[in-house]
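Colleague: Using the sequences plus the hints, can you model the full thing?
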Amino acid sequence: MTNPLTLYDRPNSYIGHSVPRPDARRLSEGRGRFVDDKVLPRMVHAAFVRSDMAHARITSIDISDAKNSPGVIAVWTGADLAPHVEPYVGVLSHLAGLRSAPQMPLADDVARWQGEPLAMIVATSRALAEDAVALVTVEYEELPAACDMETALDPDAPVIHQEFGSNLAWERTVDVGDTKAAFSRTDVTLVERELRFGRHTGVTLEARAAIADFDPSEDHLTFHYSGQAPHMMQFIFAKHLGLAEENVRIIAEDVGGSFGIKIHTYGDEIATAIASRLLKRPVKFVADRHESFLTDIHARDHVVHGKMAVTQDGQIAALAFDDVTGIGPFSMYPRTSAIEANQVLNLTGAPYDIENYHARARVVFQNKNMMCQYRAVGHPIAMAICDGLLEDAAAAIGLDPVEIRRRNLMRDDSYPRASASGMKLDDLSHQKALERLVDMMRYEALREDQARLRNEGVFRGIGFCSMVEVTNPSPMFYGIGGAPIASQDGATIRLDAGGGIQVSSSVTEQGQGTNTILAQIAADIFGVDLDRVRIKTGDTEVTPYGGGTWASRGAGIGGEAMLQAAVALKEQVLDVAAVILQAKPDDLDIKAGKITDTDGTERMDLSDLARTVYYRGNELPSDLKPELIATRHYRVTDFPFVFTNGAMAAHVEVDTDTGIIRVLDFWAVEDCGRVLNPLLVDEQIRGGVVQGIGGALYEECLYSEDGQMLNTTMADYLVPMSAEMPDIHVAHIETPTKTSVLGAKGAGEAGTGGAPGAILNAVNDALRPLNSSLWQMPMTPERVLKALGKV
Amino acid sequence: MKQTAQISLTVNGETVEADVPVRRNLVDFLRQDLGLTGSHVGCEHGVCGACTLEVDGRMVRGCLMLAVQANGANVTTVEGLADSGRSAALRQSFMARNALQCGFCTPGMLASAIEYIEAGGASDRNAIREHLSGNYCRCTGYQAIVDAVCDVIDGRVSA
Ligand code: FES
Ligand code: FES
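Going line by line, the protein sequences match chains A and B.
Numbering-wise, the first sequence is residues 1 to 791 according to the numbering used here.
Numbering-wise, the second sequence is residues 1001 to 1159 according to the numbering used here.
The hints are simulated quantities; they were obtained by calculation from the structure and are not laboratory data.
One or more of the hints may lead you astray.
[To be verified] Not the full set, but computed from the structure, chain B residues with beta-carbon under 7 Å of chain A: (1) Ala1050; (2) Gly1057; (3) Phe1104; (4) Pro1107; (5) Tyr1116; (6) Ser1133; (7) Arg1138; (8) Cys1139; (9) Thr1140; (10) Tyr1142.
Where a beta carbon is used, it is the ideal one built from N, C-alpha and C, also for glycine.
Modeller: Right, dumping it as structure tokens:
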């Protein structure tokens, strides 16, 4: 077998080309198969009574009127469902000291956040179930609530879980070098800021949706799920409902956006599965938008006190910060709500040479909805801390923000190496990416325009972010801590009698184009046209076992497994072809569905080979035992994660009368290793940038002091819409990872991770001549005007 | 308590007679009663645009209209736009530009874009962005959608 890398240059190659997604056609014709599109025989519908209070003892729940409401089939409270579920606790052993309390799908005696499910109604339609919800009367005894994470650790704060004695869920400190000594040097300039990152959420256009279909005759649960990690969910339903794992089938067909929102254990979904088991018929639950805002995991919510010292020539002498983050009343199961803070400690400053680094994070319980992993976990915080302070320091010593990066970025020839926090890094290109960015955005000209416009009273700003992204995680991310989350993925490829191939993979598709990437790799490496490949993902019963799609791992890990499987099948097929054609396998190849000589001369059709094997085995020697199917698995072994890097820049204009920030342009140079499909990668970057801009400028889950979320509609919670968004210019550097043959790293989260830091810097660049700055996201018009002292 | 009304309308060229609860909105009626699940529901209060469809020649929010209000109307959904070929060029350009990822916004986005194109809209990026600003997309960042609409207006795709 030849080195697969040489295959990239073959005719009919797909890897590296902008191949449109075959499954897009179906979706554009209205033929999607989203969970709410499915109707099963005898299916009934669930709705939930949810807590109106942030923290309250439930003194009684009167369900009698609801029970008699038309169409109602069942009404259950927490006590009713408790015997049917094993409680779950969101801790992992590698996050030493992390604590959380057992959770149940419906709260029993105490509600700990507004929106927590208290009772479940199942009726013949969702509308009738909602009618009955309105007839349930809950009596509460209000308890003092700890809503504000900044005071939740105060000695007199109400403690949410008495057994812990405080609201501290987890704390970690990283201390490298001697920051104290560096900060007290007389030859450094210090900048110090308080950065605030608001709570926001995923707002997937398709809300969380589930159909649980329990069949008592086989003790078997089929769960139609809108999400990213089918095998993880299989484990969770099996363990907590007491079923054999093989008796739980998770099907995730079309998913209307996930971004990390739909990868957690939600009480209403567990309750839906229990309901199906109790009723012995399918039960559907689809969250409405109000429920989504109240209960889909929220993200970010950090207050960071950060400090940086730089020498007069702009070298970073030290970086230190203290992060407090609020996670709601429990750590989310099974991924935990400490991973984000852990990432902030791991990633801050990772693009730069930093010898003295001190970071502390405290993860705090509070009476708000739970916080957990959302696209670019921890990244926007980590990048904004370091790059925000860096540009602040550059301004303080009168250095250009590009120049200060040139003096501090890790050199492209300095890998493999580690970051200050100890992250193992390799195959990165910060310097190249920055220079490419500066070139692409016409930096000098832009600065000239900026200066000219300032004289006319127009305040524009240019801001940068040099960033890393965690992709292709190894078992060090979750598995090591005891989570039921696979870090390896598998791909199976089968040659069928007609000469087409069937592929199944354990990574999943939520619109990124995973299925297309898999088809490209399979077709390219094995040697058939793309339209002869059928892909199956998102079904635990028929795909290999694996982790699914999260942490930008689909292409890098799932893709490598696919490549290995295609290589294996090709070898197997050529072995058979060699016997039939009386040739040596090494002298044969497969191109566009034909067995050929290596010079391309056609010898036989793949379907002839397959039909001979499947139908007319009598024509083959009896000692030949052909296998026209191959499965391979892949995991990253040499590194905990495969990092990517990027350089981004934002150009904004701040209206100093209204406080409105307009993003004029955005540029992103990304190095995700080998680019498998430029069309898809560019769109991942752009979509990610727009989510990052959303977090930086618009999106915030607003709560009252007593823990009531105030903006639970899409009219009140602002998301980026087309009119506000700029065109986003994307370019790539390709430094393939040496950890795989394919060389692909992830790309899905870079934009979301880097954009907020770039926007923060651009806004502050615009405000600088006015002697103002703003360090709170989202940077709303009101906050801009406050920073300017105008309100 | 159950209140229904008899309605008759044309959906994607077919005559439909139905007895519907008077409180059911048009998009729920199309999805639940007729199995036309191409139209999506993202917010149920007229903000996200996922339910955008055509009623008597105008693009409307299927969640803001009751099914009974469509009595006698001519309704076209994303399925009808595909079957008749009316969305063919736009669908092709959406695929070429990767203007859909998860595809959940796509039926509404296509409807709004067709409204713009059929009204003779120019390939002016800002005008297109303004026109589509009632359709939320969480995945794409919108740029590819604007590109796709421009491609159709400028005749860069044919279907
Ligand atoms: S569902 Fe109708 S506009 Fe959102
Ligand atoms: S493609 Fe997912 S919401 Fe638009």
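Colleague: Determine for every hint whether it applies to the structure shown.
Modeller: Do the hints match the structure? See the list:
Annotation: Ala1050 (chain B) was flagged as interfacial toward chain A, and the flag holds, the nearest CB pair being 6 Å apart, inside 7 Å. With a cut of 7 Å, the hint placing Gly1057 (chain B) at the interface with chain A is violated, because the nearest CB-to-CB distance is about 19 Å. Evaluation of the Phe1104 (chain B) hint against chain A yields a held restraint, the C-beta minimum of about 3 Å falling below 7 Å. Taken as an interface hint, Pro1107 (chain B) checks out: its beta carbon lies about 5 Å from the nearest beta carbon of chain A, inside 7 Å.
The beta carbon of Tyr1116 (chain B) comes no nearer than 12 Å to any beta carbon in chain A, farther than 7 Å, and the hint placing it at the interface is violated. Taking 7 Å as the C-beta contact cut-off toward chain A, the hint placing Ser1133 (chain B) at the interface holds, the least distance being around 4 Å. With its C-beta approaching chain A no nearer than about 5 Å, Arg1138 (chain B) sits inside the 7 Å limit, and its interface hint holds. Interface restraint check for Cys1139 (chain B): the shortest CB-CB distance to chain A comes to about 5 Å, inside 7 Å, so the restraint holds.
Given hint, Thr1140 (chain B) at the interface with chain A, holds; its Cβ is 5 Å from that chain's nearest Cβ, closer than 7 Å. Interface hint status for Tyr1142 (chain B): upheld, as the beta-carbon distance to the closest one in chain A is roughly 4 Å, under 7 Å.
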